Every structure is written in C-alpha cells, then in structure tokens.
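S.K.: Sequence:
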Amino acid sequence: AVVSTQSTGTDPRIRELRYQSWKVLEGFCEEGKIGLIGLSNYTAAHLTEVLSYCKIKPSVLQNEFHPRFRESEVRKLCNEHDITFMGYSPFGQGDLLAHDVIVRIADKHSIPPSRVLVAWCLKQGVVCIPRTSRSDRVLENFKDVASVVLDEEDLRDIDSMNDQHKYCWDPQNVS
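FYI, the numbering for the sequence shown is 262 to 436, going by the numbering used here.
Heads up, some of the hints might be wrong.
[Stated by the list, open to error] Pairs of lysine to any residue, SDA-like flavour, derived with a Cα cap of 25 Å: (1) 369 - 398; (2) 337 - 313; (3) 427 - 294; (4) 318 - 280; (5) 427 - 347; (6) 427 - 392; (7) 284 - 432; (8) 404 - 371; (9) 316 - 331; (10) 427 - 371; (11) 427 - 394; (12) 318 - 289; (13) 337 - 314; (14) 318 - 329; (15) 427 - 355; (16) 384 - 424; (17) 316 - 347; (18) 294 - 280; (19) 284 - 314; (20) 337 - 347; (21) 318 - 337; (22) 427 - 316; (23) 337 - 317; (24) 384 - 412; (25) 404 - 420; (26) 404 - 373; (27) 384 - 317; (28) 284 - 304; (29) 427 - 405; (30) 284 - 272; (31) 369 - 337; (32) 337 - 386; (33) 404 - 358; (34) 316 - 305.
[As the list claims (entries may be wrong)] Computed Cβ-Cβ distance ranges for the label pairs, DEER-style: (35) 396 - 425: 31 to 41 Å; (36) 290 - 394: 27 to 37 Å; (37) 306 - 424: 43 to 53 Å; (38) 316 - 395: 37 to 47 Å; (39) 421 - 290: 34 to 44 Å; (40) 404 - 356: 14 to 24 Å.
In case anyone wonders, no lab produced these hints; they're calculated from the structure.
Everything numeric in this text was worked out from a predicted model, so none of it was measured.
Note that beta-carbon positions come from the ideal geometry of N, C-alpha and C, so glycine has one too.
Turn these sequences into a full structure, and let the hints guide you.
M.R.: Right, here's the structure in full:
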C-alpha cells in the first residue's frame, strides 16, 4: 500500500497527516509487512520534521536532481543521517540532453549526452533514475558509465549550469 504524505497547497493539516502517515508506515515495518520506508519530494524542512519523530529512519529520499537543480541542503542532510538520495529527472525532462554544455562534453568524450548526465550524477554520489520507455535507451544511458571520466573542466562547466531551475513540481509550497 502506498500512503501519500504530500498534498498541494498549504493546508494546515499537512504536518499532522505527514506524521500520521509516517506512523502507519512504521507500523507496517514493525509488523513485517514492508521492509524499508522511502520518501519522495521532501524538502530539508520536511525531512528534518520526519527525523524529529521517526523511530525508523527513511532509507531513501527521491527528489528531482540534475545540473540545474542540485538539492545541496537535502543531500547534505541525507548524508548526515545515512539516507540514500536518489535523483529523478536527471535529464531535465529531456531538455538537458540538448544543452550546449552537455552536448560539448559529450562530443569531447565521444559519448551520448545521457551518459554525461548519468556520469555526473554518480560523480555527485547520487543514484539516478532516468526515465525512458525504451529498453535500448536504458542500456545507452548506463553503458560503460563507470569508465566515463569527467575532468575538472567538465565538472566546472556543468557546475556553472546550476540555476535552481525545476522541471517538476515544487514541494517547497507544502508546509
């Protein structure tokens, strides 16, 4: 069973609903119905809130992550609490595959832009989950990605892309 702990808007009940949902999930863990609990689209404030009352720590937090949106504060909090940070939309809903910086680096290394972005995510210590409906693209995205070496210039150029642009919805507005 999936229990949503998010909503849209600033409903004053959101914190209580988040708390109640978490306690239900912990109960499922304690009963052996589920093994681990993960979160999605939580801000640093949301995660700090859950950490203040949880008996069972979240195992993973899945948020939007790509060169234009880094989630530095949330990733730091995850690292401090041994929570795996998983990034979705690493290609910026496809937009970053044609970004000048990414294309130039891909050409330099003779690899597809998708592999540059996956390699960059891994270099950041982020598990990434690119979305595709084609199995050949899954293979292309990850083929030999461990052998991709992004040099300091590549990393600096990718770092310059960080403008906090989100392609997906913004959980910041959910109190």
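S.K.: Now look at each hint and say whether the structure bears it out.
M.R.: Results of checking the hints against the structure:
1. Between residue 369 and residue 398, the direct Cα distance comes to roughly 21 Å. Compliance with the 25 Å bound is thereby established for this hinted pair.
2. Taking the CA atoms of residue 337 and residue 313, the gap is near 17 Å; set against the 25 Å cutoff, the hint holds.
3. Distance check on the hinted pair: residue 427 and residue 294 sit about 35 Å apart at the alpha-carbon level, beyond 25 Å; violated.
4. Distance restraint check for residue 318 and residue 280: the Cα-Cα separation of roughly 13 Å lies within the 25 Å cut-off, and the hinted pair is therefore satisfied.
5. Distance check on the hinted pair: residue 427 and residue 347 sit about 16 Å apart at the alpha-carbon level, within 25 Å; holds.
6. The suggested pairing of residue 427 with residue 392 holds, with an alpha-carbon distance near 16 Å, which does not exceed 25 Å.
7. Note on residue 284 and residue 432: the hinted pairing holds, with a Cα-Cα distance of about 21 Å set against a maximum of 25 Å.
8. A distance of roughly 13 Å separates the Cα atoms of residue 404 and residue 371; the hinted pair therefore holds under the 25 Å criterion.
9. For the suggested pair residue 316 and residue 331, the alpha carbons sit about 28 Å apart, so the restraint of at most 25 Å is broken.
10. Our distance criterion of 25 Å between C-alpha atoms is broken by residue 427 and residue 371, whose separation comes to about 28 Å.
11. A C-alpha spacing of about 22 Å is found between residue 427 and residue 394, which places the hinted pair at or below 25 Å, so the restraint holds.
12. Proposed proximity of residue 318 and residue 289 is supported: the alpha carbons are some 13 Å apart, at most 25 Å.
13. Between residue 337 and residue 314 the alpha-carbon distance is near 19 Å, which keeps this suggested pair within the 25 Å criterion.
14. Restraint check: the Cα-Cα separation between residue 318 and residue 329 comes to about 29 Å, which exceeds 25 Å; the hinted pair is violated.
15. A hinted pair counts as satisfied when its Cα atoms are at most 25 Å apart, and residue 427 with residue 355 qualifies at roughly 13 Å.
16. Note on residue 384 and residue 424: the hinted pairing holds, with a Cα-Cα distance of about 19 Å set against a maximum of 25 Å.
17. Annotation: proposed proximity of residue 316 to residue 347 holds, straight-line Cα distance about 22 Å (limit 25 Å).
18. In summary, the hint linking residue 294 to residue 280 is supported, as the alpha carbons are separated by about 19 Å, within the 25 Å threshold.
19. Restraint check: the Cα-Cα separation between residue 284 and residue 314 comes to about 9 Å, which is no more than 25 Å; the hinted pair holds.
20. With a C-alpha separation of about 13 Å, the suggested pairing of residue 337 with residue 347 holds against the 25 Å cut-off.
21. Simply put, residue 318 and residue 337 have alpha-carbon atoms about 16 Å apart, close enough for the 25 Å limit, and the pair holds.
22. Distance check on the hinted pair: residue 427 and residue 316 sit about 32 Å apart at the alpha-carbon level, beyond 25 Å; violated.
23. Proposed proximity of residue 337 and residue 317 is supported: the alpha carbons are some 19 Å apart, at most 25 Å.
24. With a C-alpha separation of about 11 Å, the suggested pair residue 384 and residue 412 falls inside the 25 Å cut-off, and the hint holds.
25. Pair hint residue 404 plus residue 420 holds up; C-alpha atoms about 24 Å apart against a cutoff of 25 Å.
26. Straight-line distance between C-alpha atoms of residue 404 and residue 373 comes to about 10 Å, which keeps the hinted pair within the 25 Å bound.
27. A C-alpha spacing of about 29 Å is found between residue 384 and residue 317, which places the hinted pair above 25 Å, so the restraint is violated.
28. A C-alpha spacing of about 19 Å is found between residue 284 and residue 304, which places the hinted pair at or below 25 Å, so the restraint holds.
29. With a CA separation close to 28 Å, the supplied pair residue 427 and residue 405 exceeds the 25 Å bound.
30. Proximity of residue 284 to residue 272 is assessed by CA-CA distance (about 20 Å); at most 25 Å being required, the pair is judged to hold.
31. Restraint check for residue 369 and residue 337: not satisfied, since their Cα atoms lie roughly 31 Å apart, outside the 25 Å limit.
32. As the CA atoms of residue 337 and residue 386 are separated by approximately 11 Å, the hinted pair is consistent with the 25 Å bound.
33. For the hint pairing residue 404 with residue 358, the CA-to-CA distance comes to about 16 Å; that is within 25 Å, so the pair holds.
34. Our distance criterion of 25 Å between C-alpha atoms is met by residue 316 and residue 305, whose separation comes to about 18 Å.
35. Separation of residue 396 from residue 425 is about 33 Å and conforms to the stated range, judged on CB atoms against 31 to 41 Å.
36. A C-beta distance of roughly 32 Å is found between residue 290 and residue 394, which places it inside the suggested range of 27 to 37 Å.
37. Separation of residue 306 from residue 424 is about 22 Å and departs from the stated range, judged on CB atoms against 43 to 53 Å.
38. For residue 316 and residue 395, the hinted distance range of 37 to 47 Å is satisfied, since their beta carbons lie about 42 Å from each other.
39. Between residue 421 and residue 290, the C-beta spacing of about 42 Å keeps the proposed range 34 to 44 Å intact.
40. Range check, residue 404 to residue 356: about 22 Å between beta-carbon atoms, so the 14 to 24 Å window is met.
Checked against the numbered hints above, the structure violates hints 3, 9, 10, 14, 22, 27, 29, 31 and 37; every other hint is satisfied.
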